[in-house]
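Following the hints, position chain B against chain V.
These protein sequences, in sequence, are chains V and B. To convert, note that position 66 of the first sequence is 332 in my numbering; the numbers rise steadily by one, no gaps. To convert, note that position 193 of the second sequence is 459 in my numbering; the numbers rise steadily by one, no gaps.
By construction, these hints were calculated from the structure, which means they are not laboratory data. It should be emphasised that the depicted structure is a prediction, and the values quoted were computed from it without experimental measurement. One should not assume that every hint holds.
[To be verified] Heads up, simulated SDA-like pairs for lysine to any residue below, C-alpha to C-alpha not over 20 Å straight-line:
1. V/Lys528 / B/Gly489
2. V/Lys599 / B/Asn492
3. V/Lys599 / B/Gly489
4. B/Lys599 / V/Gly489
5. B/Lys528 / V/Pro555
[Unchecked claim] Calculated from the model, a selection of chain V residues having no Cβ within reach of chain B, i.e. all distances over 10 Å:
6. Ile268
7. Thr298
8. Arg394
9. Lys403
10. Arg444
11. Glu462
12. Ser500
13. Thr529
14. Leu531
15. Arg582
16. Gly583
Heads up, the beta-carbon is just placed ideally off N, CA and C, and yes, glycines get one too.
There are 2 protein chains.
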Amino acid sequence: MITIKEVAQHAGVSVRTVSRVLNNNPHVAEATRNQVLSVIQELDFRPSAAARYMRTGQSQLIGFLTDELAQNAFGYDLIIGAQQAAWEHGKLLFLLNTNNDPEVEARAINMMRDYQVEGIVYATIYHRQIKHSQFPKDLPTLLVNCFADDRSLPSIVPDEIAGGRLATETLLKKGHRRVGFVSIAAKEPAPLGRLEGYRQALASFDIPYDEALVRFIEEPFEGLANSTYDSVLSLLQMPNPPTGIFCFNDLMVLGAYDAIRKTSLRIPEDVAVVGFDNVEILAAQVHPPLTTVELPNFEMGQLAVRMLLGLEETNRGGRPVQHMIHCPLIERKSV
Amino acid sequence: MITIKEVAQHAGVSVRTVSRVLNNNPHVAEATRNQVLSVIQELDFRPSAAARYMRTGQSQLIGFLTDELAQNAFGYDLIIGAQQAAWEHGKLLFLLNTNNDPEVEARAINMMRDYQVEGIVYATIYHRQIKHSQFPKDLPTLLVNCFADDRSLPSIVPDEIAGGRLATETLLKKGHRRVGFVSIAAKEPAPLGRLEGYRQALASFDIPYDEALVRFIEEPFEGLANSTYDSVLSLLQMPNPPTGIFCFNDLMVLGAYDAIRKTSLRIPEDVAVVGFDNVEILAAQVHPPLTTVELPNFEMGQLAVRMLLGLEETNRGGRPVQHMIHCPLIERKSV
Numbered sequence: 267m268i269t270i271k272e273v274a275q276h277a278g279v280s281v282r283t284v285s286r287v288l289n290n291n292p293h294v295a296e297a298t299r300n301q302v303l304s305v306i307q308e309l310d311f312r313p314s315a316a317a318r319y320m321r322t323g324q325s326q327l328i329g330f331l332t333d334e335l336a337q338n339a340f341g342y343d344l345i346i347g348a349q350q351a352a353w354e355h356g357k358l359l360f361l362l363n364t365n366n367d368p369e370v371e372a373r374a375i376n377m378m379r380d381y382q383v384e385g386i387v388y389a390t391i392y393h394r395q396i397k398h399s400q401f402p403k404d405l406p407t408l409l410v411n412c413f414a415d416d417r418s419l420p421s422i423v424p425d426e427i428a429g430g431r432l433a434t435e436t437l438l439k440k441g442h443r444r445v446g447f448v449s450i451a452a453k454e455p456a457p458l459g460r461l462e463g464y465r466q467a468l469a470s471f472d473i474p475y476d477e478a479l480v481r482f483i484e485e486p487f488e489g490l491a492n493s494t495y496d497s498v499l500s501l502l503q504m505p506n507p508p509t510g511i512f513c514f515n516d517l518m519v520l521g522a523y524d525a526i527r528k529t530s531l532r533i534p535e536d537v538a539v540v541g542f543d544n545v546e547i548l549a550a551q552v553h554p555p556l557t558t559v560e561l562p563n564f565e566m567g568q569l570a571v572r573m574l575l576g577l578e579e580t581n582r583g584g585r586p587v588q589h590m591i592h593c594p595l596i597e598r599k600s601v
Numbered sequence: 267m268i269t270i271k272e273v274a275q276h277a278g279v280s281v282r283t284v285s286r287v288l289n290n291n292p293h294v295a296e297a298t299r300n301q302v303l304s305v306i307q308e309l310d311f312r313p314s315a316a317a318r319y320m321r322t323g324q325s326q327l328i329g330f331l332t333d334e335l336a337q338n339a340f341g342y343d344l345i346i347g348a349q350q351a352a353w354e355h356g357k358l359l360f361l362l363n364t365n366n367d368p369e370v371e372a373r374a375i376n377m378m379r380d381y382q383v384e385g386i387v388y389a390t391i392y393h394r395q396i397k398h399s400q401f402p403k404d405l406p407t408l409l410v411n412c413f414a415d416d417r418s419l420p421s422i423v424p425d426e427i428a429g430g431r432l433a434t435e436t437l438l439k440k441g442h443r444r445v446g447f448v449s450i451a452a453k454e455p456a457p458l459g460r461l462e463g464y465r466q467a468l469a470s471f472d473i474p475y476d477e478a479l480v481r482f483i484e485e486p487f488e489g490l491a492n493s494t495y496d497s498v499l500s501l502l503q504m505p506n507p508p509t510g511i512f513c514f515n516d517l518m519v520l521g522a523y524d525a526i527r528k529t530s531l532r533i534p535e536d537v538a539v540v541g542f543d544n545v546e547i548l549a550a551q552v553h554p555p556l557t558t559v560e561l562p563n564f565e566m567g568q569l570a571v572r573m574l575l576g577l578e579e580t581n582r583g584g585r586p587v588q589h590m591i592h593c594p595l596i597e598r599k600s601v
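If we strip away everything but chain V, and leave its shape as in the complex, we get:
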């Protein structure tokens, strides 16, 4: 490997001068600068990241921590969005998955600090509140799909209420007046917010909330599609069954479709269905393809990095921005 010293020797200048050229310091004569640059090219000198860090104090690294990466809605597109935004600005992502283990999390943050990351993006698998105290005060931190208990850190979360309202209104606008909602029994922002959106949409159409049309699946959630099958079947067997069904997520739609077919009803002619997430492998592949509200993971990942790099507002009125991202409707064939 070529060192900065060898460059200096070949160029007949001091190491300090080479360093100044590398850092675009203006106090170098034009002729000297050109001489150094041509030697750098000739020797194919490449300053190491460590050496550059030593000079500039900028590591060009962004730490990307996740509590859990799973094959469902969350994770994938978020990482790709973050990585793309980082790459566009000459930064690299450090990916670390902590499996939600507080000890691993603490070690991971220490390691990231040790590597002098310029900041940390912390993304959770489901929308939830986290403790601000697990993050160091001296490192810029951006939360995605979660928010700090005391709102002391900037965050990006999906607008669950607007998303639930959009899903429900999509059915109401098609003329459906009996709309079922199958969700999960968890006191978390996603199920609570989407239920609130469902209620708001009904209210805006002057339709009273009927709890007989709402089903909450209890934990464990492993066999979620199967539990949804049972819930939707029971909804369809009511004396006055729903003609539209809003499923809390796309995975549940697998069970909903099976139940609708079981009762020999057609989708969307007899029963219309709307999902949530827009997991392509499900939504675009089921038959008929699913109309669903998208969790804009790619955009969240991208925005997180842009905020961390100071390209977007992170403070408003002296407070860390709590950004609620819009979840758009993806229209396919199930409504």
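Chain B alone, transformed into the frame defined by chain V:
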């Protein structure tokens, strides 16, 4: 931030002595070592990664390059497996997705070299051959789900033939004698290998290969589940239809199930189905849950890092190991 110089001053020793203590150099008197360690603790001194690299020449970083990350079978578990193995050995992963763009790939490799990664894991989204020339000779490189044209780099790929044989034998052992195979029309190791395995399994049961039972879906593969629906329907409408169907991947099973239900046949009583991949979001959630051959992505990611770190054999008889990983059967309810 505390510097090594301050530690030296507080301990009343030279910077070189502190450095020796940090590097576990044995040529330091016990009393001096204890003195330095107690000052390090007292001042909460933490050598930066850059400083450590300068001392040891080890960056503790592993570059993880992917051509494409998608929500289907590949990617996810592989990254988690690699990351877990790296973490266990105190290393961090640098994740970069190149979108299969040669220019981005070249820049990414340069950046990784610039960061002095200890080696590179390069993983492709589908099993294929790649050019060895895109990788630098001076950096340990491990290929996953792909192999170099001249076999000059160690690689880990799934054993497609054995996997295809296993899927087919699972149906044959249950007594099925008419077994259909729905695959994709691509001259790549996965479809070619699984077809070869299908033929070998038939041969081992003395069943002649019948091309009427095999369907190849043409590109584009976007609506793969829908195309599979058509293929399986045409198989089931044959005068002597198959009673067992092997699908090239789990995603196609969505269409296969729909076609079987369309003809009012039961799974597995009338028609048994085996998939390939074991994508949990599909295989465990469809009804009935799918018996499938697993692409062991987690294990591949883990093994890649272990090989890169020299914990597993990477050369055999002077040649880079071309590891074929076993794809196990995951039994559920569709056979």
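So, going through the hints one by one against the coordinates:
no. : hint                : verdict
1   : V/Lys528 / B/Gly489 : violated, 24 Å
2   : V/Lys599 / B/Asn492 : holds, 13 Å
3   : V/Lys599 / B/Gly489 : holds, 14 Å
4   : B/Lys599 / V/Gly489 : holds, 14 Å
5   : B/Lys528 / V/Pro555 : holds, 17 Å
6   : Ile268              : holds, 13 Å
7   : Thr298              : holds, 25 Å
8   : Arg394              : holds, 20 Å
9   : Lys403              : holds, 15 Å
10  : Arg444              : holds, 25 Å
11  : Glu462              : holds, 27 Å
12  : Ser500              : holds, 16 Å
13  : Thr529              : holds, 13 Å
14  : Leu531              : holds, 14 Å
15  : Arg582              : holds, 31 Å
16  : Gly583              : holds, 32 Å
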